[in-house]
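Peer 1: What follows is the residue order along each chain.
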Amino acid sequence: MNTPIYRFKKLIAITLTPVIFAACSTPIKPEGADMARSKLIQLQSDPQLASRAPVAIQEAELAVRAAEVPQEDVGLGKHLVFMADRKIDIATYQAHSRLSEDQRKMLSEQRDNARLDSRTREADRAHSDATAARREANLANMDTEIALQQAADLQRQIAELNAKATDRGLVVTLGDLLFDTGKATLKGGAAGHLGKLAAFLNQYPDRTVMIEGHTDNVGSEDYNLGLSQRRANSVMTYLVSQGVASNRLAAYGKGENFAISDNESASGRQQNRRVEIIIANTAARQ
Amino acid sequence: MTHRLTIMKVMGTHRSPLQLITAVAILFSLVACATVPQPPNQELAAAEMAINSADQARAVDYASAELHEARTKLAAARAAVQQEKMILAQQLAEQSRVDAELALAKAEATKAKAINDEMLKSTDVMKQEMQRNTGDKQ
Numbered sequence: 001m002n003t004p005i006y007r008f009k010k011l012i013a014i015t016l017t018p019v020i021f022a023a024c025s026t027p028i029k030p031e032g033a034d035m036a037r038s039k040l041i042q043l044q045s046d047p048q049l050a051s052r053a054p055v056a057i058q059e060a061e062l063a064v065r066a067a068e069v070p071q072e073d074v075g076l077g078k079h080l081v082f083m084a085d086r087k088i089d090i091a092t093y094q095a096h097s098r099l100s101e102d103q104r105k106m107l108s109e110q111r112d113n114a115r116l117d118s119r120t121r122e123a124d125r126a127h128s129d130a131t132a133a134r135r136e137a138n139l140a141n142m143d144t145e146i147a148l149q150q151a152a153d154l155q156r157q158i159a160e161l162n163a164k165a166t167d168r169g170l171v172v173t174l175g176d177l178l179f180d181t182g183k184a185t186l187k188g189g190a191a192g193h194l195g196k197l198a199a200f201l202n203q204y205p206d207r208t209v210m211i212e213g214h215t216d217n218v219g220s221e222d223y224n225l226g227l228s229q230r231r232a233n234s235v236m237t238y239l240v241s242q243g244v245a246s247n248r249l250a251a252y253g254k255g256e257n258f259a260i261s262d263n264e265s266a267s268g269r270q271q272n273r274r275v276e277i278i279i280a281n282t283a284a285r286q
Numbered sequence: 001m002t003h004r005l006t007i008m009k010v011m012g013t014h015r016s017p018l019q020l021i022t023a024v025a026i027l028f029s030l031v032a033c034a035t036v037p038q039p040p041n042q043e044l045a046a047a048e049m050a051i052n053s054a055d056q057a058r059a060v061d062y063a064s065a066e067l068h069e070a071r072t073k074l075a076a077a078r079a080a081v082q083q084e085k086m087i088l089a090q091q092l093a094e095q096s097r098v099d100a101e102l103a104l105a106k107a108e109a110t111k112a113k114a115i116n117d118e119m120l121k122s123t124d125v126m127k128q129e130m131q132r133n134t135g136d137k138q
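Taken in sequence, the protein lines are chains R and D. Sequential numbering of the first sequence, starting at 1, is according to our numbering. Sequential numbering of the second sequence, starting at 1, is according to our numbering.
So here's chain D without its partners, still in its complex pose (with noise of 0.2 Å):
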């Protein structure tokens, strides 16, 4: 109770807590108007370098559902600049990065583990071969 006298003091005033509260709230709303938004450039760059990054390693012929997505949200990021939602555009251009990035991964796994295939298949090829050979000459 002594606290709040105080306060009721400092604002030098015999208005009742209610007045006090509405001014708080009121300062708040202006405080969140205030800002001035800003478009998320950096963002957005990542995302458009991630993109051309899994495009170079022919992520569209292994993961072609993820760089989609990547594009999709790219483009509804900038779209989101252009309507002032900066925080909107920032996640979309976060989320495009990342899908971008999972396309390559997913890519490079794909190519890795085909060659691995390959490989295996070769030996198999090979070891086959030589028992038909030997079988054919004992």
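Excised from the complex, chain R in its bound form (with noise of 0.2 Å):
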């Protein structure tokens, strides 16, 4: 049996036994495959995206499952290990996007009633800034409306007082009537007409006044002086009784010399006497 062919044979088969055995050597699970599985894990707990990318998510458990296979070429077990990573980590992004898509509906409903809200504050503003602007416009008008009302009262006022404007000022002419002839003393009817100046007076208090009084020429010149001076003075007595300051007042006599008329009718004569009562104009009012 010792013969060389059995010799040869005998060589070639414990040579090829090893070969053979080591083909077939118990597989073993391949490296990273338990951290592949802890990481789907992971993936698959996580609540926010464990539900947001079930295909992606299913896939990579086969792969892991794949990994998880004893292989007998060590190659092949890291090529699956390997796709398996990949695969858990692209689930994971496809996750994380639907996720983001799913905050977006919330981000944009923020944003809308962010802007909502600033808008209408906007307009609230703009609202109370209008409603301000009307207030202030209605206050002017008001202002306006006083203004103008009082203009119309003065005009009324100076027309019912027969009253002229002059570069003097408004002349309010007293006739004759109010006074008996040569006397200086106010007759009734008089009140009426000066009562109403007096009452215009007091409205206007900053308006300054001269009572002048004039006369014919019927009688001596130093007569009708003091007699024009008497008349004045009445006046201004009357004005200061109904209440107008006396500081306001001058009452002067002008006597016969500044006629308005000729006195050589009864009808002239009758206008020259008179007591002319001057109101100043006040730059304010006018």
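These are computed hints drawn from the structure, not numbers from a lab. Hints should not be assumed to be uniformly reliable.
Stated by the list, open to error - Label pairs and their calculated CB-CB ranges:
#1 D:I21 to R:T26: 12 to 22 Å
#2 D:V60 to R:D34: 32 to 42 Å
#3 R:I158 to D:R132: 55 to 65 Å
#4 R:I12 to D:V60: 54 to 64 Å
#5 R:M142 to D:A114: 54 to 64 Å
#6 R:R65 to D:V60: 32 to 42 Å
#7 R:Q48 to D:N52: 29 to 39 Å
#8 R:Q110 to D:Q83: 52 to 62 Å
#9 D:A114 to R:N113: 19 to 29 Å
#10 R:I28 to D:I21: 21 to 31 Å
#11 D:S122 to R:L139: 38 to 48 Å
#12 R:A132 to D:R132: 15 to 25 Å
Treat the numbers as computed from the prediction; the structure is a model and nothing was measured. The beta carbon of each residue, even a glycine, is placed where N, CA and C say it ideally should be.
These two chains come separately, so use the hints to put the complex back together.
Peer 2: Structural data, given as structure tokens:
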């Protein structure tokens, strides 16, 4: 049996046997498969992500299962682990994308609310601005109305007083009907006309007043001068008695020298017998 | 023992177990060499398609490393085909594909996040502006 041929056969058998056994060596679980599994479990147990990429997670699950199968071929095992790891990453990113998309609805709602809020406030602000402006305008209008009213009142009162606007101011001419001939005492009926004047002067307290007495040329000049002064004085006294401050008033007797009509006719003389009340213009009012 | 004897009888000879094992080993190696290797065309095409998809999603801006890896592996897979290492080629093609798919997924996730951040920022700006305005007024 110990022939050379037999020995050769024995040699071949001894050489090949370990080769065959090596090829069929005990399969082992590829390195990294456990890590891939725990990574997948982490993804699957994330409440925000797990439900958001079901297909990709299922693929990752299959890939991890394939990687967990014990392999004789170390290279194949590595490949399967790599594939599993990548599929888990893909699933994770897909879930994140989906999560962002889902959050976007909420974000856009928030943004819309903020925008709406800001517009509402803007509108409110504009509204309150407009209200304030309107109120101011109303006040201004009211002022204008008051001013107009006052001007109208003045015009009416001036008309009632038979006043004439002149360079010296408003001139109210009181005729001789206020006085008896040769007397300086006011007649009873004079109170009505002078009363209006007093009221007017009280209404415009910043106006000063000159009271001038005039006569016709009947009688001596001195007498006429004295008479005109006394008549002016009695008008002033009356006005003071009606509440007009005396420091606003001045009374002058002008005598017969400032005739406004000729003294030849009775009607002319009557026009010359008069008391003129000159109400000074004030810059502020006119 | 009876089993082994039966086999020996089938072989119909007086040969030793060593001879039998040798024969089996030779048979195995012959079978391994007899398979004509086919290039993994399907896997290569899939990898290329995945890379194109990632490209279209501008993955180069958001996941350039992953995209680059996918391209490198696709090239390596083609080189392996040239060297008739078909199993390696298939694995590389499969890896290239998942790399490209990862690049795409990463790019999409990054873009989606960027949009949300932008929205959040604009909302904050609006809120701040509003507070400033009302602060001025009151």
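Peer 1: All hints, please: hold or fail.
Peer 2: Here's how the hints hold up against the structure:
1. A hinted range of 12 to 22 Å for the beta carbons of I21 of chain D and T26 of chain R is consistent with their spacing of about 20 Å.
2. Between V60 of chain D and D34 of chain R the CB atoms are about 34 Å apart, so this pair conforms to the stated range of 32 to 42 Å.
3. Separated by about 58 Å at the C-beta atoms, I158 of chain R and R132 of chain D satisfy the suggested range of 55 to 65 Å.
4. Distance hint check for I12 of chain R and V60 of chain D: the Cβ-Cβ separation is about 58 Å, which falls inside the suggested range of 54 to 64 Å.
5. A beta carbon spacing of about 59 Å between M142 of chain R and A114 of chain D agrees with the range 54 to 64 Å that was offered as a hint.
6. Our hint of 32 to 42 Å for R65 of chain R and V60 of chain D holds, since their Cβ atoms are close to 33 Å apart.
7. For the hinted restraint 29 to 39 Å between Q48 of chain R and N52 of chain D, the CB-CB distance of approximately 31 Å keeps it satisfied.
8. For Q110 of chain R and Q83 of chain D, the Cβ-Cβ distance of about 58 Å falls inside the hinted range of 52 to 62 Å, so the restraint holds.
9. Separation of A114 of chain D from N113 of chain R is about 22 Å and conforms to the stated range, judged on CB atoms against 19 to 29 Å.
10. For the pair I28 of chain R and I21 of chain D, the beta carbons lie near 25 Å from each other, so the given range of 21 to 31 Å is met.
11. The hint said 38 to 48 Å for the Cβ distance between S122 of chain D and L139 of chain R, and at roughly 42 Å that hint holds.
12. At about 21 Å, the CB distance of A132 of chain R to R132 of chain D agrees with the hint of 15 to 25 Å.
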